[in-house]
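Chains as they are written, first to last, in the working numbering: chain A, 1 to 177; chain B, 1 to 177.
Please keep in mind that the hints were generated in silico from the structure rather than gathered at the bench.
Among the hints, erroneous ones may be present.
Copies of the same chain are indistinguishable here, so a pair counts whether it falls within one copy or spans any two.
Stated by the list, open to error - Straight-line Cα separation of at most 27 Å, BS3-like style, residue types lysine-lysine; simulated pairs:
(1) 60 with 32
(2) 126 with 6
(3) 6 with 32
(4) 32 with 126
(5) 145 with 32
(6) 145 with 126
(7) 126 with 60
(8) 60 with 145
Just so we're clear, the structure is a prediction, and the values are computed from it rather than from any experiment.
There are 2 protein chains.
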Amino acid sequence: MNPGEKRISSHVVYRGRILNLRVDHVELENSKRSYREVVEHAPAVGILAEDDEGRVILVKQFRYPAGEYLLEIPAGIIEPGERPVETASRELQEEIGFEPGEIREIMRFYTSPGFSNEELVIFHAKDLRVAEREPDDDEFISMEKVDIGSIETLLRNGGVRDAKTIAALHWLLSGRN
Amino acid sequence: MNPGEKRISSHVVYRGRILNLRVDHVELENSKRSYREVVEHAPAVGILAEDDEGRVILVKQFRYPAGEYLLEIPAGIIEPGERPVETASRELQEEIGFEPGEIREIMRFYTSPGFSNEELVIFHAKDLRVAEREPDDDEFISMEKVDIGSIETLLRNGGVRDAKTIAALHWLLSGRN
């Protein structure tokens with residue numbers, strides 16, 4: 001196995017609230033030297049929550065970097081010491097007020113492996129039970145329940161513009177669950 | 001329509017080769033003030049290229065931020081003045097040496113709307129004709145042709161760990177093309 005690109009040195013440009021930026025000097029696979037800009041971001045989870053009527057629960061919120069409101073599956077950063085499945089259950093309750101009777105991992109991926117180490121673990125949650133909703137301060141989220149026919153329409157019309165949500169919804173439509 | 005979050009001021013922390021980082025002070029939807037860290041990244045395309053035998057052409061390359069080799073659909077940044085479909089055709093030729101007889105947009109999304117404005121436009125390319133491959137200097141890419149059964153296995157086994165590739169492959173499997 002080719003060892004890939006080797007780090008020669010690393011320089012932290014910025015340490016922030018949700019991300020850090022570093023610039024690493026590296027040796028490429030042809031032994032030339034170059035540099036790589038890397039956005040460090042904590043791993044996170046997303047939850048495809050399906051109710052007993054087969055509707056998927058999506059949340060709508062303003063996403064400042066995108067400059068618009070986006071329809072997404074509930075998601076959140078994995079806190080230190082948390083297992084991803086615990087984060088998923090916690091976020092489900094905080095964001096939409098449900099506890100899952102059944103939850104399992106369906107996929108995991110890098111969101112932008114060309115410039116970031118952010119990893120997402122996606123869960124499928126079913127058998128939802130109402131729990132007390134506990135939204136974070138300063139989160140302004142509205143909830144939508146979408147049936148399977150509407151999901152197809154949303155995907156066709158560009159009504160969903162978020163990578164994790166598109167991946168999870170196409171997984172559901174592919175019926176390979 | 002709620003106006004979302006309003007920019008009060010903006011500070012560029014870093015201007016780089018593939019990304020810029022800025023920190024904006026904003027007014028939230030409850031009129032409180034906060035700040036947002038935003039990674040600016042040029043929009044890009046990805047291409048789900050399917051050959052006449054129904055096999056999908058994937059590329060494998062080392063992704064430094066992820067620290068591993070990833071199997072992905074061919075992709076690349078939209079150059080100034082290029083239409084996304086032109087980028088898609090160009091990248092297809094550069095990375096895997098094919099020209100598409102047929103190409104159409106199937107989805108577009110933000111990869112990480114919580115911290116980046118990066119947008120991806122995904123195309124489905126068919127009727128592939130051999131063209132001269134023109135890899136970029138300093139790109140080390142190997143090519144794999146994967147049949148539909150192997151795609152299912154790869155997705156199940158975690159053999160694909162890239163968001164755009166997972167979204168595109170589940171789109172293909174869902175048969176809603």
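Hint check results:
Taking the closest pair of Cα atoms, residue 60 and residue 32 come within 27 Å of each other only across two copies (20 Å); inside a single copy the shortest separation is 46 Å, beyond that limit. In this homomeric assembly, residue 126 and residue 6 never come within 27 Å of each other (Cα to Cα): the closest approach is 43 Å inside a single copy and 37 Å across copies. Taking the shortest alpha-carbon separations for residue 6 and residue 32, only the intra-copy value of 11 Å comes in at or below 27 Å, while the best inter-copy value is 44 Å. For the homomeric pair residue 32 and residue 126, neither the shortest alpha-carbon distance inside one copy (51 Å) nor that between copies (36 Å) is at most 27 Å.
In this assembly of identical chains, the alpha carbons of residue 145 and residue 32 never lie at most 27 Å apart, being 52 Å within a copy and 29 Å across copies at closest. Only within a single protomer do residue 145 and residue 126 lie at most 27 Å apart by alpha-carbon distance; the minimum there is 14 Å, versus 35 Å between protomers. Taking the closest pair of Cα atoms, residue 126 and residue 60 come within 27 Å of each other only inside a single copy of the chain (20 Å); across copies the shortest separation is 35 Å, beyond that limit. For a Cα distance limit of 27 Å, the shortest separation of residue 60 from residue 145 inside one copy, 11 Å, qualifies, whereas the shortest one across copies, 38 Å, does not.
Violated hints, listed in ascending order, are 2, 4, 5; each of the other numbered hints is respected by the structure.
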